[in-house]
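There are 4 protein chains.
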Amino acid sequence: MLSIGVDIGGTKIAAGVVDEDGEIIATTTRSTPATDPEQLETAVADAVAELRGAHEIAGIGVGAAGFIGADRRTVRFAANLAWRDHPLAERLESLTGLPVVVENDANAAGWAEYRFGAATEARHMLMLTVGTGLGGAIVQDGVMLRGSAGFAGEVAHMVVVPDGQWCGCGLRGCLEQYTAGTALVRAAKRRAAAGDALMGPLVQAAGGDGRAIDGPLVTGLAQQGDPGARELIAEIGAWLGRGAATISALLDPEVIVVGGGVAAAGDLLLGPAREAFAQNLTARAHRPLARFVPASMGNRAGIVGAADLAR
Amino acid sequence: MLSIGVDIGGTKIAAGVVDEDGEIIATTTRSTPATDPEQLETAVADAVAELRGAHEIAGIGVGAAGFIGADRRTVRFAANLAWRDHPLAERLESLTGLPVVVENDANAAGWAEYRFGAATEARHMLMLTVGTGLGGAIVQDGVMLRGSAGFAGEVAHMVVVPDGQWCGCGLRGCLEQYTAGTALVRAAKRRAAAGDALMGPLVQAAGGDGRAIDGPLVTGLAQQGDPGARELIAEIGAWLGRGAATISALLDPEVIVVGGGVAAAGDLLLGPAREAFAQNLTARAHRPLARFVPASMGNRAGIVGAADLAR
Amino acid sequence: MLSIGVDIGGTKIAAGVVDEDGEIIATTTRSTPATDPEQLETAVADAVAELRGAHEIAGIGVGAAGFIGADRRTVRFAANLAWRDHPLAERLESLTGLPVVVENDANAAGWAEYRFGAATEARHMLMLTVGTGLGGAIVQDGVMLRGSAGFAGEVAHMVVVPDGQWCGCGLRGCLEQYTAGTALVRAAKRRAAAGDALMGPLVQAAGGDGRAIDGPLVTGLAQQGDPGARELIAEIGAWLGRGAATISALLDPEVIVVGGGVAAAGDLLLGPAREAFAQNLTARAHRPLARFVPASMGNRAGIVGAADLAR
Amino acid sequence: MLSIGVDIGGTKIAAGVVDEDGEIIATTTRSTPATDPEQLETAVADAVAELRGAHEIAGIGVGAAGFIGADRRTVRFAANLAWRDHPLAERLESLTGLPVVVENDANAAGWAEYRFGAATEARHMLMLTVGTGLGGAIVQDGVMLRGSAGFAGEVAHMVVVPDGQWCGCGLRGCLEQYTAGTALVRAAKRRAAAGDALMGPLVQAAGGDGRAIDGPLVTGLAQQGDPGARELIAEIGAWLGRGAATISALLDPEVIVVGGGVAAAGDLLLGPAREAFAQNLTARAHRPLARFVPASMGNRAGIVGAADLAR
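Going down the list, the protein sequences come from chains S, D, X and U.
Note that my numbering has the first sequence beginning at 1, numbered continuously upward.
Note that my numbering has the second sequence beginning at 1, numbered continuously upward.
Note that my numbering has the third sequence beginning at 1, numbered continuously upward.
Note that my numbering has the fourth sequence beginning at 1, numbered continuously upward.
Don't take each hint at face value.
What the hints assert, rightly or not - Counterexamples of contact, computed for chain D against chain X with all Cβ distances above 10 Å: (1) 99; (2) 195; (3) 227.
Stated by the list, open to error - Covered stretches of chain X, going by a simulated chain S footprint (3 or more residues, C-beta under 8 Å): (4) 186-200; (5) 280-292.
What the hints assert, rightly or not - Distance condition first, Cα-Cα at most 30 Å in a straight line; then the derived BS3-like pairs of lysine-lysine: (6) X:189 with S:189; (7) U:12 with U:189; (8) S:189 with S:12; (9) X:189 with X:12; (10) D:12 with U:12; (11) D:12 with D:189.
Because the hints were derived from the structure by calculation, they are not lab data.
Note that the Cβ used here is the ideal one computed from N, Cα and C, for glycine as well.
Chain S extracted, bound-state conformation (with noise of 0.2 Å):
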């Protein structure tokens, strides 16, 4: 049986084709037309009729940044994107005729690891997506939670520095104030105008301004062995250990996947998350630790994920 897993990203909209293997059969992209839900859902459908042609689809799944409710049909809050209480499920039923579901693209891929990727051997899963933003999904003895309202696994607004970094959410000293993108950059760009000597390099490959560092030329430096770059990735990966210590308080994983961009940089921020994570766990002495694996799936787990889910 086929579906089509859809993933809608600030820029792109992707499209697949799934098998029940996880396969991806076909796919098709479209621009994000971000600022108008209509042309948005034309978009999504465009793609999907573009896909339906040679294939036989049982239903549509629909993986999108944002608040999803508990009913896998409405995004109830969209920070990038111009949905407020949006039946999107509905919209794009009545425009393609096929059933749909909407889900969290952090659960999506985080589904997708579950079931195809680096978390098959699995039961009980984390999956921390570590972009720009971080994104968390919680696979609990086979069952993706969702929780009430539709927004578990928000792991990026966890409190764990009383009063600490301001985060967008409104809240301060959120996790992902600490393990993202967004931190690993603001960290750098902070320290190198400050004259921190240790982000020499940093500014140097940033064409001498420190305001051009980006994660990429982090990971860059990191992986060709520059102490500060090394320091930026390994401080992101202990708080991300950190937190997972304090989320294996209250779900206990077995494997803990992490997946995204600031992933790239691999064993230099995963050996510091592990050894961060074992020296924050609670009664580690009397339990097995969760495995740090990396995401395996690519950029091909939010389509898989959602075509999944779609089933």
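Dock chains D, X and U against chain S, hints included.
Just chains D, X and U now, kept in the frame of chain S:
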């Protein structure tokens, strides 16, 4: 169908026959032989034998403080009892001839509230048991979360203050160090010892010796309106609310049940908890606020929950 | 004996002739040529020339934001002006023919309050200037503390929250990030952006756009009784009190003078500051509490203090 | 001109005749009658009488742990001795017939280092005495800072972790809870009790009982290269550096002298202190870094400093 619930406490074993509506139709107690596992099992078996006489029993559920294996048969570790990787279910089955399941005591109490108590109308519940320590139980979509090793729900050891108060678990800044009865009494004693005038009435009520302050004394004075005692309880409540907000970012429950001895303070505890919860919940403008409600099953929760989980 | 005080601000140079009683008997102003040190010096010299005409002047004191060398002659570093290790006193002496001393502007203001303003009865004073940023001045036993390099009194960059809000200085959790005007406005904007209902009146007063909130708006609404604005100012005040308590553990002042633009909020700021100070001061049962008093010299403090320090 | 210095410790009174070069030319000791002020004074007078026999003495300086009044004559409060607002100088003057000044013991030790020990080339010094607790002394431009009530230099009770570890002083998160011998030993014991493998060698060295770990044991193992003991000392050192950086924002010393029992760890403590100091000092690109140096006067500091302050 009747089952027996057994609640193994530090000083007392309480057992009861429970029907399918969560009603206890017979009870008995034994004192807890804390240092001898064999005597403890004999005492449980003895209580069961007494209760079985008049009733047909389908099985036994045992609730105990400690880390219980995911198989619901083994006590991995208990701080106050002499168990390490102990096959408690097997031992009790051979003594009683009945099927036995073992549960963490906070999980048992939480399940009772979910099935028959304060959370019967919810599908997603968080229970916080605020006694000497802090216990937690998580129900998601009608299922008790146990985690991969059986250690889920350990809300006590989420780190909420980096480099905060040392915890007996070997970490610093655990939620339990800010929310439980021990934290309440420690704050009172420390402030009294430092000559804090607001602690004056408490010291007086403790016979002039601040070191004699205990939890019921604080709760009692608070209910009489003493500002110092109220401030102490409000601070515990505020941390409970903050902790619940961070848990809700992960789990999105619809109801948060607060039980345990400190919960006797009622709205003196729950009021500040609700306020801090609302202030520390991410996306609170876009979601319903979980309700904070007092537990309604009282001391019966342990027996009833354990019995029901045995069915 | 008369001397001239010069207060070099980001937009305006204010200069005045000051007598031995701290009275200003003549003033003049120039606009600040912020990017050209030479023009700035010419502007100062020009203002001095204007004032000298009618008075016999013994010397010049110049107050400027920045790190001033212990020799009181050199500007080591200034965030907003184009000076790096700049021999300001020497340059102004050659332009004016008068002896010149240079002081940090917060030190100059603090000295004015100590000698002629709110702290005339004290021998040990802490002054906190709560403007856009946070300035500090310390007088111990009648002597202005300058430190080995001239950098003493930088209260802004005491770290009060480990891993807290990033500061422009390259550290995290500096006191300035919790107490100054910038912190006040940032909190208001962040909470407004997150849809915090308590920020509603502020958003309305800002013409419906939370991003237009500024300090005077918050202070104004607070003085009219708006709960949200009062909460924002109270939070700044509480951190001011906490910071002052930590400083007092070190320095044990008898009076704490609070000046700067945010101090216009009066007891809405000072009340919470006093309360937090008392709660966070060590050994408070065994010592007198320092008095928190508003500054009394207003804008004149910079001129008067600089002039007096030149004598 | 000779004077006598008296160092009143918890178990021993040490007294000595000190010349103008800070040399001790005669000493004697008495045991401390901790609970009876009168006996204590008699013991001090007795020691003085013994020393006076052979020397012409100009005055007596007494150093004691506790809060000493700004008049240098009164003990306001002492945690370990039976003094409350006690006129110690007056009492000793009437017993000895010599002029007496009283100083805080950390101040006395700091003054000895400033005048004759590790900081003789400096004008601005911070001394940190890392013993069971944390003591501090501040010299600015050659003057010992005492504050308005005599309580300056209480570095121990600067709050460095909001809501951190409870302190005996009634506050939370005081620097002493992160830097002193008590903190070192508590961390070792807590981690040992939680089964932290890194603490294994320490537990073994303590005869298999983690509760028997003490400071010299940690220092000794650290000097033999044990990673766990080194980590414990490095953590104390790092907090010492952080605290010193925050103090330096206020006071800008040129040298930071580290004494006390824990300082026996040498560079195992000072190395991490220096590193954390550099990382947490504001404007570090624009200023000289204060030097961290070990104290050089050892146990003599208390006698020598008290004697010199009496001149």
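Q | Pair hint outcome, residue 189 (chain S) versus residue 12 (chain S) [Cα-Cα no greater than 30 Å] | A | holds, 28 Å
### Message
Does residue 189 (chain S) sit within 30 Å of residue 189 (chain X), going by the straight-line distance between their CA atoms?
### Response
holds, 23 Å
Hint consistency between residue 12 (chain D) and residue 12 (chain U) [alpha-carbon to alpha-carbon, up to 30 Å]: Violated, because 50 Å separates the two Cα atoms, which is more than 30 Å.
Residue 227 (chain D) clear of chain X by more than 10 Å, beta carbon to beta carbon?
The claim holds: residue 227 (chain D) sits with its nearest Cβ about 13 Å from chain X, beyond 10 Å.
Going straight from one Cα to the other, do residue 12 (chain D) and residue 189 (chain D) come out at no more than 30 Å? holds, 28 Å
Should the label of residue 195 (chain D) as a non-interface residue stand, given a Cβ cut-off of 10 Å to chain X?
-> violated, 3 Å
Outcome, coverage of the stretch 280-292 of chain X by chain S - at least 3 residues whose beta-carbon is closer than 8 Å to one in that chain: violated (count 0)
*Do three or more residues of the stretch 186-200 of chain X come closer than 8 Å to chain S, measuring C-beta to C-beta?*
The restraint on the stretch 186-200 of chain X holds, since 8 of its residues have a Cβ under 8 Å from chain S and three suffice.
Check the hint pairing residue 12 (chain U) with residue 189 (chain U) against an upper bound of 30 Å on the C-alpha distance. holds, 28 Å
Could you let me know if the closest chain X CB is still more than 10 Å away from the CB of residue 99 (chain D)? holds, 50 Å
inquiry  = Need the status of pair residue 189 (chain X), residue 12 (chain X): alpha-carbon distance at most 30 Å?
reply    = Within the cut-off at roughly 28 Å; holds.
The earlier numbered hints that this structure contradicts are 2, 5, 10.
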